[in-house]
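Based on the provided sequences and hints, a complete structural model is requested.
One-letter residues, chain by chain:
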Amino acid sequence: MVQQRVQNRLARITTTPYKPTLWLALIILVCISQLACSRQTPTNVEFGNRNQVLFIANGDEPQSLDPHKSVGSPDYNILSALFEGLTSRDPKTLSIIPAAASQWQISTDRLTYTFSLRKNARWSNGDPVTASDFVNAWHRALTPTTANANAYQLFTLKNAEAFYTGAITNFDEVGVTAIDPLTLKVTLETPREYFLETLDYHNFYPLHRSAINSTPLDNWTRPDELVSNGPFTLSEWQLNRVIEVVKNKYYWDVENVKLNAIQFLPISDQQAEERAFRSGQVHLTNTPTMAIEKMETYRQNDPHLLKSSPLYSSYYYVINSQREPFNKVKVRRALAFAIDRQLLVSKITKGGEQVAKHFVPPLEYQEFADSLKTHTDPLYQPELAQQLLSEAGYPNGVGFPVKTLLFNSQDNHRKIATAIQQMWAKTLNIKVNLAHQEWKVFSAAQNSMDYDISRAGWIADYLDPGNFYETLLSDSGNNDTGWANTHYDNTVKMAQVTSNSREREQLFATAKQILDTEMPVIPLFYPADNNLVRPEVINWYGNKLHRHPYKSVYLNTP
Amino acid sequence: MLKYFFIRLLSAIPVLFLVILITFILVRLAPGGPFDQERAAPPAVLANLNKQYHLDDPVVVQFKDYLVNLLRGDFGPSFKYPTRTVTEIILTGLPPTLELGLYALLFAMFVGISTGVMAGLKPNSAQDYIPMTIAMIGICLPSFVLGPLLILGFGIGLEWFPVSGWGDSPGDKVLPAITLGAAYAAYIARLTRGGMLDVMSQDYIRTARAKGLSPARIVGLHALRGALAPVVAFAGPAAAGLLSGSFVVETIYQIPGLGRFYLQAAFNRDYTMILGTTIFFATLIILFNFISDVIQAWINPKLRQSLSK
Numbered sequence: 074m075v076q077q078r079v080q081n082r083l084a085r086i087t088t089t090p091y092k093p094t095l096w097l098a099l100i101i102l103v104c105i106s107q108l109a110c111s112r113q114t115p116t117n118v119e120f121g122n123r124n125q126v127l128f129i130a131n132g133d134e135p136q137s138l139d140p141h142k143s144v145g146s147p148d149y150n151i152l153s154a155l156f157e158g159l160t161s162r163d164p165k166t167l168s169i170i171p172a173a174a175s176q177w178q179i180s181t182d183r184l185t186y187t188f189s190l191r192k193n194a195r196w197s198n199g200d201p202v203t204a205s206d207f208v209n210a211w212h213r214a215l216t217p218t219t220a221n222a223n224a225y226q227l228f229t230l231k232n233a234e235a236f237y238t239g240a241i242t243n244f245d246e247v248g249v250t251a252i253d254p255l256t257l258k259v260t261l262e263t264p265r266e267y268f269l270e271t272l273d274y275h276n277f278y279p280l281h282r283s284a285i286n287s288t289p290l291d292n293w294t295r296p297d298e299l300v301s302n303g304p305f306t307l308s309e310w311q312l313n314r315v316i317e318v319v320k321n322k323y324y325w326d327v328e329n330v331k332l333n334a335i336q337f338l339p340i341s342d343q344q345a346e347e348r349a350f351r352s353g354q355v356h357l358t359n360t361p362t363m364a365i366e367k368m369e370t371y372r373q374n375d376p377h378l379l380k381s382s383p384l385y386s387s388y389y390y391v392i393n394s395q396r397e398p399f400n401k402v403k404v405r406r407a408l409a410f411a412i413d414r415q416l417l418v419s420k421i422t423k424g425g426e427q428v429a430k431h432f433v434p435p436l437e438y439q440e441f442a443d444s445l446k447t448h449t450d451p452l453y454q455p456e457l458a459q460q461l462l463s464e465a466g467y468p469n470g471v472g473f474p475v476k477t478l479l480f481n482s483q484d485n486h487r488k489i490a491t492a493i494q495q496m497w498a499k500t501l502n503i504k505v506n507l508a509h510q511e512w513k514v515f516s517a518a519q520n521s522m523d524y525d526i527s528r529a530g531w532i533a534d535y536l537d538p539g540n541f542y543e544t545l546l547s548d549s550g551n552n553d554t555g556w557a558n559t560h561y562d563n564t565v566k567m568a569q570v571t572s573n574s575r576e577r578e579q580l581f582a583t584a585k586q587i588l589d590t591e592m593p594v595i596p597l598f599y600p601a602d603n604n605l606v607r608p609e610v611i612n613w614y615g616n617k618l619h620r621h622p623y624k625s626v627y628l629n630t631p
Numbered sequence: 338m339l340k341y342f343f344i345r346l347l348s349a350i351p352v353l354f355l356v357i358l359i360t361f362i363l364v365r366l367a368p369g370g371p372f373d374q375e376r377a378a379p380p381a382v383l384a385n386l387n388k389q390y391h392l393d394d395p396v397v398v399q400f401k402d403y404l405v406n407l408l409r410g411d412f413g414p415s416f417k418y419p420t421r422t423v424t425e426i427i428l429t430g431l432p433p434t435l436e437l438g439l440y441a442l443l444f445a446m447f448v449g450i451s452t453g454v455m456a457g458l459k460p461n462s463a464q465d466y467i468p469m470t471i472a473m474i475g476i477c478l479p480s481f482v483l484g485p486l487l488i489l490g491f492g493i494g495l496e497w498f499p500v501s502g503w504g505d506s507p508g509d510k511v512l513p514a515i516t517l518g519a520a521y522a523a524y525i526a527r528l529t530r531g532g533m534l535d536v537m538s539q540d541y542i543r544t545a546r547a548k549g550l551s552p553a554r555i556v557g558l559h560a561l562r563g564a565l566a567p568v569v570a571f572a573g574p575a576a577a578g579l580l581s582g583s584f585v586v587e588t589i590y591q592i593p594g595l596g597r598f599y600l601q602a603a604f605n606r607d608y609t610m611i612l613g614t615t616i617f618f619a620t621l622i623i624l625f626n627f628i629s630d631v632i633q634a635w636i637n638p639k640l641r642q643s644l645s646k
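Chains as they are written, first to last, in the working numbering: chain X, 74 to 631; chain C, 338 to 646.
Treat the hints as calculated values from the structure; they're not laboratory data. Note that the structure is predicted; figures quoted are calculated from it, not measured. Take these hints with a grain of salt, some might be off.
[Said to hold, decoys possible] Listed next, the in silico DSSO-like pairs over lysine-lysine satisfying Cα-Cα at most 30 Å (straight line): (1) C:Lys401 <-> C:Lys388; (2) X:Lys430 <-> X:Lys420; (3) X:Lys380 <-> X:Lys367; (4) C:Lys388 <-> X:Lys231; (5) X:Lys401 <-> X:Lys566; (6) X:Lys165 <-> X:Lys322; (7) C:Lys401 <-> X:Lys142; (8) C:Lys388 <-> X:Lys142; (9) X:Lys165 <-> X:Lys320.
Below, the structure written as structure tokens:
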């Protein structure tokens with residue numbers, strides 16, 4: 074009955090005299106499907122495989138391709154294809170290999186490095202790369218008017234900080250000199266074991282004189298203007314659309330560069346990035362974090378496309394040691410021992426993270442692999458946690474003030490904070506409120522120590538534990554805990570200047586012990602680098618520093 | 338009437354000044370600055386950065402300098418993209434945003450008006466209920482839900498359209514335009530239906546029917562003109578809304594438009610960029626509303642007369 078009525082109505086609608094509208098809609102539908110079917114053009118990946126062009130989803134639009142003005146990881150990724158420092162890294166092992174310098178000598182006091190530059194090194198316009206290109210670039214990096222936010226990376230050079238702050242004005246006093254066009258002498262303030270590791274930072278790249286002589290808005294970083302010395306050179310930059318680099322025909326090792334071009338697509342949204350990968354728009358994704366739920370799907374259905382590798386980085390909570398009751402060591406330790414990290418990585422984060430046994434992740438890959446197998450959390454000791462809290466004057470959490478756990482607004486951080494809030498409530502019977510802030514507000518709050526407990530993370534710049542330990546020095550700008558320990562400061566500072574590797578190891582062991590006892594930060598886990606990579610991409614390796622030299626990468630197509 | 342429009346245009350100046358002043362104060366009141374990052378730069382570096390961008394000047398001086406530069410047409414350099422000026426970024430982001438807004442508006446107008454007419458002709462029938470229910474869902478469904486749904490169905494499932502990009506292949510403008518225009522289409526459909534119901538019961542339509550005109554002529558020539566008056570009034574704010582509200586769609590489909598820059602500027606505390614885009618959008622909104630007023634006065638004789646008095 075009802076059906077009959079509906080059918081009658083529908084019949085009336087279709088026989089109404091206002092057919093033009095319906096017909097028009099039909100025509101449009103046909104047009105749209107025609108338009109859709111005309112998409113027979115090859116996908117980016119198909120095009121790239123035929124022409125050796127690599128397509129990368131590169132995260133946010135880069136801030137700048139001026140090595141002295143760029144800040145984020147999307148910028149570095151492109152800069153590493155354009156420029157080449159004195160040294161570079163093996164893409165798989167990350168060991169230091171000669172780059173713009175063919176060899177170097179280190180003085181016995183480990184203060185002076187003499188680099189011999191390659192005779193055949195050329196800029197992308199054919200000019201030779203000379204020692205003064207390095208001197209001028211470093212001069213520019215340290216000049217206050219350049220407004221370089223990362224100038225401090227060069228402060229290992231003798232008198233560099235003094236020059237930057239204006240204490241000295243003559244750059245000749247800074248520890249870098251061009252002995253002759255192919256010899257560069259570098260003098261350090263104090264011996265630094267890891268100095269060679271820092272030379273592939275963008276702040277240590279050489280710059281062509283066209284860049285040196287530019288004014289702030291001189292646009293020397295635009296296509297056709299940018300002169301680079303790396304395996305690739307900039308050919309196209311459409312804001313928020315694409316950055317393309319093509320093979321640099323003047324590069325000294327050009328015969329070993331197999332890719333003809335790389336297109337970096339700025340895709341900041343995690344979901345959009347995955348869709349772009351799935352629909353063949355990119356060969357690989359470059360942002361270190363992936364949407365958790367997508368990761369699970371790939372792990373089950375296409376494990377060969379998901380490359381997950383440990384990062385030399387740490388995810389932890391910082392505690393404001395200057396506020397009650399966190400000035401008590403026992404309270405800090407109780408909080409740390411009440412967290413079940415195993416549960417956290419297996420049920421909450423699920424991105425291949427590893428349970429942190431300590432603030433500083435282990436350096437050796439084997440240790441990572443072992444910790445993956447065992448998956449135990451030696452720090453999780455609920456009884457000890459309860460006992461410590463009781464000794465601190467809060468038996469069974471009674472009298473413990475309500476404190477706030479701060480994190481920056483992101484879904485993954487919220488999930489982790491909620492889990493830890495519950496763990497503390499369950500084990501210690503204490504109440505912690507959650508607060509989230511948008512990134513800039515969060516950074517400002519953390520830097521000004523306006524928090525009780527806060528999320529934090531650190532990714533190493535180079536493979537040396539000192540990288541992590543230095544952040545907790547009492548005079549470090551990165552120490553937002555308010556915790557200061559003279560013994561710790563002395564130990565870490567001594568490790569910085571010691572060249573004897575055994576002695577360094579011992580000093581770091583001491584520093585580690587102090588942190589374990591004092592617990593100014595609560596270690597949680599070591600994050601992993603998760604990337605989607607198509608199988609035809611060869612010589613691209615996941616590694617601990619998330620550095621991916623593109624020189625030897627190519628596409629293997631049948 | 339000309340005098341009225343002249344005064345309307347002049348009144349835009351204090352409005353714009355207020356927009357600049359309030360935005361200027363708000364961005365500086367917001368916690369966190371352009372150079373705050375997790376790895377805090379040493380104080381010497383921070384002080385130097387502030388000096389380079391004149392952020393160490395008193396706020397009043399900064400405001401005065403900004404206004405003076407603005408009068409010269411200079412929005413200043415972007416803090417986030419230090420090698421680009423705000424003007425350059427706006428000019429780069431504008432064409433895709435304009436194009437997207439135009440397609441979305443066309444889509445919204447076409448779909449909205451045709452379904453509205455259909456529904457208005459047979460009120461309280463299936464021909465009315467079905468499109469109006471869909472329209473209601475359209476209004477309620479936010480673009481961040483509709484976008485991924487369309488991508489899933491037409492992009493990944495049927496593979497008819499690309500899932501993201503702009504100007505790379507012929508079909509990549511279809512899904513973004515539909516996503517952005519859907520809610521407006523739904524609203525226009527409801528407005529048109531209301532207008533049609535109103536007009537179709539008027540005497541002059543009955544006269545047209547009695548004279549034996551074909552239904553298509555009645556609707557096309559006589560009814561639509563009256564029925565569309567509310568749609569025209571809505572078109573001005575809608576056009577402004579489509580331009581300034583496209584950032585969600587631009588993010589979903591990775592379109593290199595102005596909306597994405599606007600959103601990122603707010604997160605980055607890119608003071609000059611926030612101010613520049615706000616002023617730009619404010620001008621556009623004022624302009625579109627003005628144009629909408631002019632068109633309304635043109636098609637509505639009553640309004641025209643009252644303005645001439």
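Against the structure, the hints come out as follows:
1. As the CA atoms of Lys401 of chain C and Lys388 of chain C are separated by approximately 17 Å, the hinted pair is consistent with the 30 Å bound.
2. Restraint check: the Cα-Cα separation between Lys430 of chain X and Lys420 of chain X comes to about 18 Å, which is no more than 30 Å; the hinted pair holds.
3. In summary, the hint linking Lys380 of chain X to Lys367 of chain X is supported, as the alpha carbons are separated by about 13 Å, within the 30 Å threshold.
4. With a C-alpha separation of about 25 Å, the suggested pair Lys388 of chain C and Lys231 of chain X falls inside the 30 Å cut-off, and the hint holds.
5. Taken as a hint, the Lys401 of chain X and Lys566 of chain X pair is honoured in the structure, with Cα atoms around 25 Å apart against an allowance of 30 Å.
6. Proximity of Lys165 of chain X to Lys322 of chain X is assessed by CA-CA distance (about 25 Å); at most 30 Å being required, the pair is judged to hold.
7. The hinted pair formed by Lys401 of chain C and Lys142 of chain X meets the criterion: a straight-line CA distance of about 27 Å does not exceed 30 Å.
8. Taking the CA atoms of Lys388 of chain C and Lys142 of chain X, the gap is near 16 Å; set against the 30 Å cutoff, the hint holds.
9. Restraint check: the Cα-Cα separation between Lys165 of chain X and Lys320 of chain X comes to about 22 Å, which is no more than 30 Å; the hinted pair holds.
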